[in-house]
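A.B. asks: Assembling the complex is the task here: the two chains are given apart, and the hints tell you how they should meet.
Note that the protein sequences, when read in sequence, are chains A and B. Per the working numbering: the first sequence = residues 1 to 1091. Per the working numbering: the second sequence = residues 1 to 247.
Because the hints were derived from the structure by calculation, they are not lab data. Computed from a predicted model, the values in this text were never measured in an experiment. Mixed in with the good hints there might be a few duds.
[Claimed, not checked] Here are the simulated PhoX-like cross-link-like pairs (lysine-lysine), alpha carbons at most 20 Å apart as the crow flies:
hint : chain 1 : residue 1 : chain 2 : residue 2
1    : B       : 87        : A       : 179
2    : B       : 87        : A       : 184
3    : A       : 557       : A       : 1053
4    : A       : 175       : B       : 87
The primary structure of each chain is shown beneath.
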Amino acid sequence: MSSLKFLNLNFGIAESTHPVWDSVGQNMIEIRKATTKVRMLTGTYMVQAGQNMIEIRKVTTKVRMLTGTYMVQADKHKFSQYTIDPTCLLCHREIEDILHVLTQCPVLGSERKEYFTPIKQLVTENSPPGTWELLFNNKLAVTQLVLDCTKYMKQLGFKEELILKKMLTTKTFIKKTKKGSIIKIVREHYLRDDITCGCQSCTICDKNDVKPLESKPVNKSKLCKKSHYLILDTNVVFHQIRHRSAPAYKRVKDFIANPDKHFYTFCNEFNKDTYVERQKGESANDRNDRAIREASLWYKRHLEDHSSEDIDIVLLTNDEDNRTKAKAEGLQSFTVQEYVKSLKDCGSIVDRLSSTGSHMKFGDKIMYPEHLPLSTIQRGIKTGKYLQGSYMASRENYLEANVSVHDQDRMIFVQGHQNLNRAVKDDIVAIELLPEEEWSCPSSMVLEETEEKADEDNMEIEEKQMRKNKVPTGKIVGIIKRNWRQYCGILQPSALKESTRHIFTPADRRIPRIRIETRQAHDLASQRIVVAIDNWPRNSRYPQGHFVRKLGNIGDKDTENEVLLLEHDVPHSKFSEAVLSFLPKMPWSITDEDRKKRRDLRHIDICSVDPPGCTDIDDALHCRELDNGNLEVGVHIADVSHFIRPGNAMDKEAAKRGTTVYLVDNRIDMVPELLSSNLCSLRSNVERFAFSVLWEMTKEAEIVKIDFTKSIILSKASLTYAEAQMRIDDPAMTDNTTKSLRWLNKLAKILKQRRIDNGALTLASSEVRFNIDSETHDPIDVQTKQIRDTNSMVEEFMLLANVATAEKTLREFPNCAMLRRHPAPPPSNFEPLIKAAESKGFKLDVSKGKTFADSIKGAVIPNDPYFNTMLRMMATRCMMQAVYFCSGMLPESEYFHYGLAAPIYTHFTSPIRRYSDIIVHRLLAVCIGADTSYPDLLEKHKSQLLSNNLNYRHKMAQYAGRASVNLHTHIFFKNRAVDEEGYVLFIRKNALQILIPKYGLEGTLYINKEKSGVTFTFNEEENTQSCGDVTLHVFDRVVIQISIDRSNVQHLKLCLKLVKPEISGFSVPPAPKQDIKEESKDEPPKKKIKT
Amino acid sequence: MAGVNLLSDQGYRIDGRKPNELRRIQCKLGVFKQADGSAYIEQGNTKVLATVYGPHEIRGSRAKLLLDRVLVNCQYSMATFSTGERKRRPRGDRKSQEMTMHLKQTFDAAIMTNLYPRSQIDIFVEVLQSDGGNYCASVNAATLALIDAGIPMKDFVCACSASFVNDNPIADINYLEESSGGPELIVATLPKSDQIVFLEQNSRLHEDNLSKVIDLAVKSCKDVYTVLDQTVRDHVSELSNSHGWDH
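So that you can see chain B by itself, here it is in the shape it has in the complex (with noise of 0.2 Å):
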């Protein structure tokens, strides 16, 4: 977009954050009594809902079962009211479909899946408001409602976005920031284990730069880890209060 300074001299991005910092995060875990786990995010004016399903029978066609593994099912879908123009269909068009596929590769790589073979775990995502980094808040939310249904998984699933302008990575890019046509990386990592388990990278960044990039996205990821760990940390120990556990 011409004409917008996406990082002031001062070092101030358009919406008062530094280089390195996060939107705000505030999550929840279990919002639905009804699934089996369930969560809801906001990072920044991104929101997203997510619920988890299973592991259950496999549903629909049995083809698809999975004999030494557990078959894992998402549903990417945008509210139609998500975005500034009202969207004309909420699921399966080419982006959301990609955007499917993308969390069920991430989810298949951090989800325990030998020890439910034969079976079916479902994750449906939701996206109700769109502000940028929509993959990202939708793995986020993904990992709390898959915490909050108890499947066990080797490590949080932390999803971070990060892109380049004027020669400094920046961290958790918003839609603004997304669509000045700079580089667009995104990066979801096990924490703990400082393993990727997604890359993905939209237009054009020098290779000189792109470690920069990473490095940056990856400890954004590491951010995002700590207050999802917090909240859980939180719920559960709200949880336990209500019926009255010690310690």
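Chain A with its partners taken away, still in its complex shape (with noise of 0.2 Å):
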């Protein structure tokens, strides 16, 4: 008797049986009972049907109506075996079909108007009146109304809500498996009625809900007069995006999120009014377009009924299917070119429109190869016939680049235009090798980018003539992922004044010169500015982009520093208000409770060494005897995990930006500076936290104990690496701080010793500028002459401290710990290195970084100090880059840093100018029980994709380092011609690369036929160029004369020329002596020494 409640007509869906049928069986006896089951519940049978025959028959047939079995007389009749007749058995008139049953037949007259009732009321009371007699004027169209209303739904202007409308659906669809067995993938989709509007003028939907949506928009449309909203393609905005640029993706959420652009997000898949099943047949872009398009029509219609406001929808697609399908259905729809267009002043923003779909025309002359579809690409990955990497373009040759292969320690070169394929820098991209017949070696020559092309052609002619070592070289078929970011760099002069189409030549070298489209060219002339690339027509020689912004005047020093941090992405805003509030409130002091936890050191003499000048001291040191006669070591580092808490705004900031940025003449800091430089900064005579390592020694510094503390500490000094070296050389000094100072001294030699004879590497020398940091194996200092003792001691026990916090953490949190690894170069790296140290005599060993580090010491000219240091340099450029990472996610086998030679390694050292250190400074703490973890810390993978971030911003936060010493070397030559010493770094087909050590300076000498009329020969066997008399080798000492070349106004460049040795019609006659000291005031790269 359960069935009783499936007696209801909202159970009789069309085209499917009704429930009671669900559970009955096959044979004809359980029908049987069942029908008796229906009828008797029906409560017709038996007491209203009485004994009439015509009487059971209408139940009959309302009963089988009702469950879906009935079939007319008229199809038993056509389908039917045995002769049936076709009319009808209640009235026994006409011929019994659906017409018949439902409107003719009068028998079912009674039965008939109780449901036509409500139908014809229904109509008439939602609709203009009139239509019921317009519209079902005949009997066929009564029935088409009851069959499926849907058709009138429009004509009749029905609310939707009339039609009853699933609230549950499932998404079906046929998956491949990673194993490769297919399987069917059932996931449920629920349809929701409680997704509203978000307008404010909407009069129905939920009130509490956000309502982003102006009641009345600002309108400045001369396309659409009345006032509208505008639907965006949400499938570029969203999907499309999100696979082409994360920042660009997170910046268009950023956007939607902020109230004040109000931004409405309709989940229209998940409204029960706009959901739309694909069709068969339809792809899945055909769908998610009819989907917009469907929820689009929803708005209009919405708010036509509902909004107290008259509101239009617009769609903007650049799709054209869409847009025209669009505009069939009644929606105003255009693409997003038109509408901006037709903006009132819209003059700047049309400059920004992506060139996409505007009418730029090339020539006719198809200039590269098609790229291949990338399901074809993924198919040739897996057979071997293509291979993914990333690709690098050559900073000397813009014909030249190499793709770095995936999870393959190799590099493939690629040369020329067609081979290059419109690919750009950082692209992820599909590479074919060439036979090995074409395959070819980087050009010797250094080419930039200018408007002319016989250049490149006989360059290209040269190269058919093979040379012996040539590379694997390839060919780019496709493109797997566009890295484009956006770009700065100035506007060339374009002939035509008024034209509007220009060409803009990126800061970075590597990056192809783009045309952009603009009418403020006269404006942009001056300035620098960013563009962002479109797309790369196959037609057009250049990528097409569009202007962004602009950021200044050219050769203004702001400009050009905002232009260095842009393009290094080094975040570089003012701290914002939330960071700021999570500084601690001033007048801060230690209480109490703080004392409690820490441990005090303030009576030991702790002092600090640094570099002068330095206001974020990261790290403190003493030393002292015990009783037992061992020493007692400390390493006192800035505790600045106290003061920033995890997950706070503060805390996310500098996450974000990483590390310190050091330039010429700024700081960018990672913390807010009350921080940096004071509160966290361990100045001499305040108080301040630290967390400490304390070590057991003995004298001959081996280690006894180790322990690792919070605390409290007062430093007695800040020193500078010259004042510790005066007070440890000067014996009249007897106080407890130089005492400790010379322990540690000795001690640092003890330990450097060691570690050297473990082979680590020191890339460092001591008597030069360049000084070569242990850690990053960069050269962090142009200007200190000396080298002193100090520096190194300060050095060898940070990594004391390091390895120590290192092991630490890792025994402790296997899966999390963040370390620092430096992978072994592949043998491949050292190649030029060992060329070149071969045509001075010397063999290197590279082997081992032991057998490397004692072959590279071994290798000194008596007479020609500066030659080791080259070497010393070259080895430096050959190394891998030191890279953070997460311990569980790579085999302990990668830990190894092969610079320090030490099996594990961290930075803990400086927390207030490297955010990983923080990271290690709170795993440390909770070791030791001092803190409490959080979430994220324990994720491995969550560590893993900072680390990625450190790593890149570290990466970034070098270079910029390094391009501002090279802006202020400019700024510096702009008004002098010098004569330098230098050294010859490479030999090119035609140039020379030359370094200046005075400066630290690396720049090209071109040696051209054309402009000198001399003629150089090259010996590429030798690796040598010469002209008459005179031959350059690698190494050779030469004398340079520097000087800024201003040809060029807009892009001022560094011009060498030769002075020694004279060679007639080349070199230029010395340059006229000048006060250098005085200038020197104008560069002082004063960099904090990394330790």
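C.D. replies: Below, the structure is given as structure tokens:
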């Protein structure tokens, strides 16, 4: 009897059987039983039907129709093998077909009336008067209405709510698994009725929901006169942007989330009125387009019916097909270009439009081969026909590039327009190896992109004459992922003043020039501007882009700094209010609570040793004799993690910045200045929080015991390296601090020796300016002439502390310790170095770190002290980048740090300027129970993501630092020509790469034939250039005149000219002497020594 | 699963639910006549049948007999057609055995076992279609079947799963959410007394977030309870109507 409740019209869904029949089996008896059951349930069988045959027939018909099992006689007549009379069994008057049963059969009149009255009522109530009479004047139309009312929906202007819609649907699709088997996946998809329209003027949607859409949107468009809302093609806005560029996606998301911008995201996929099923043969894209149109239509109707204001809907899409269909459905639809151009005072926005779809005409000549579709590429990669790699354009020759193949230790060389095939720096590309006979080798030409095309043609011909040292060469067949960003640069002066099409030259040489369309070229000519690439058609020599914004005047120091920071993606805006709100309130003091938790080390004579002018003091040291004759050594690091709590805005900002960036005249802080230069900085004579590492050591520097603790210290002195050295050397000084320094110095020497014996590389040398950082392997100081013992003393103890921390955190958190590794470089990296050393008769053994360190130590030319330094500098360039990583993500064998010859390593000692150190501090604090952990700290995937960001920021910070030095060198040489001693670093076919040690500068000396009229002969075997009786080798000493080439005011270039050796017709006379000392104030690259 | 955003910025999950919403639950008591109690439940696409036999004499080895309380015997099995790829072994594999054990523990705690010493109650659970939350659906189905069989229990046992995505706890996770590698917390409660009879967690979840997830799971169990309770009431009133009892 339980199926009683099913006898409700709501269950009679068209085209499906009544639920009563679900539980009924196949055999005849059961069906009979069920029928009887249903009949009895309806209560009509016995009571009302009486004995009248017609009544019984009626009931049977009714029940059968309810249960979806009725078959009209007309159909029976057509299909049944027996002869069946098609006339109606009830009235015996007409042929019984649907029309008859529903509208005509007189016997069913009373039943019909029961249902028809409400239908008629419904229609008349909800549609304009007279509609019923107009539309349903014949029985056929009425039948149609009863069977499927959707046909009349529009004519009747029915509200959607009248039509029963399903609230739950399923998505079914076929998917291929990783294993290769094909499975069917069924997912539920719930449709909701609580998704509001988000308009303030709407009268029926839930009032409490967020309503970002203004009731009277301002209208500036000429295309659409009424006030309107814009609906964007979300297919593009969300999905495609996300695939193309994560930062752009984030910007869009932030934009949408900003309430001032009045964006509302309407989840049409989950709304029951706007959800659309995918139709047979419809592609996913088409379905999405249809869904957007459906949503737009819904909005249109919804606002017409329920909005107190008269608001129109405009769909913006660049999809031609979608637009046409939308217009056909009565929607207003434009392309983004059309719409933006129709805005009043659109001037500057139009320039920023992507050029896709605008009508730039090019020569019909197809310049590039077609890119393969992604599916072909993927198949090719699987079979090994193509390789996937990231594209790295050459700095020196814009027609050459390397592709670093993913998951393999190899580079593939690419040359020529056709083979480069429109790839741009950092793109992920698919590359096909050329047959070996077509392999080529990097040209020795230094080639800059200029207007003259003659150059390249020449070159390409020359390349045809193949040489011996070929490298694997390939051609790019397709782009897997574009990594375009926005580029800084300048506009090239156009020949035609009024032209709107211009060529843009990016600041980064590895980016091709970009064609943009702008009406404000006149204004922009003297400006640094930002431009984005939109596309690169096959028939265009340059990629097409659009103007984004201007930065400022060319040559302006602030502008140039801005360019530098933007190009290196350094976040440099001021700290937001949200960030600053997490700073401790001033005046800040240490509370008793703090004292209880920390070890009091204020009585110990601690001092810090740093470069002069350093305000963010991360570290301090001490050493004292213990009663048992051993030494206690302490390294005290600023306790930044005490102030920066995980997860707050300040922490997030610091994590995003990753590192402090040191420019020549500026410092971009990672944490606000109050912390970096005051509260965290371990200045002398103030009480500060520290994270201390305390060792007990024997006097032979054997570690007996190690202890980590949070502490309070009181530094007795902030010394510079020079001051500390003086104290050590001065026998008259016998105070505790000096004694402690002497001990430290002694221990450091033992530790350093031990490290070198282990095979650590010293890429620094003690007498010249290029001091090379032992952790990052970058030259960090171009000014200091003297490296004192104290520098390496501090460094040694920092290394010791870092290694100790790495070991401790790894032991406690084998899965989520943040470590730093330095992979051994592949042997191929050393080739140029080995070759260069061989030219001077030295053989370098690069097989192991230790042998390499030894052999480079032995390579000394007595009368050329700079040779060894240059070798070490070149060695630095062979190295791989050291990187942070999360210990759970790599096998233990890869933890190794090559440069330091340490099995594991991390950064612990500079939390003020590196975020990695803050993480390490937090981990260590959890290890010793001084702090609690938090979710993200122990999540290895998140930790790895963070490491990746830190690595990226770190690299960019280094590049930015170098670029800043370059920039200042340019400024330095702006008004003078100076003769300086230099060394030949590399020899190319048409140029020499010269290193000028005094300024730490590297420049190119072009030896073009056309300009000088002097012919140089290039000997590739021996790698020399000779002219007359002068031959130039690698490492040769030359005298160079440095000046700034002002021929192009927009693009200042450093220009080198040869002074010595003299080559008549090529070299220039020495410049008049100038007092350089006075000028050197201009260039004070006082960078903090990294430890 | 890389690239799948389990919780959108607008706060909807992949299938259109909000974080705290359950899937649609449809259930029915007394679906089989031969068994002493039976129930069928659908939680979204997860469909489970449960049957209960007993209390009856100990079957099989007498050694299992318990002197002071009833022996609860469970069997969990998944139909071969319940998953996307056809399952080889419907029962007896390690996963099913574990599930069987968990069910036994759960219902040992909920049934008034001391009322039937020396006897046995069998609970058979068959998963017909699996789309995440198998344990939860099994417990809920078994509860209904036990009620249908008229076996005295301390309370309904309601189970619900929960997970944690983008700093938000989400309730009643489906297969896709389950297999994305995030944490999964399964709770079975006695909703009236707010007691937890079963708690299981897979994958890692930081302890700071644990209470949020448990709270949501327990709350969802109460939501499940309202649905189950209504079903039972409807079923009973139907029965009483058909027998012509007055209220």
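A.B. asks: Among all the numbered hints in the text so far, which are the ones the structure does not match?
C.D. replies: none
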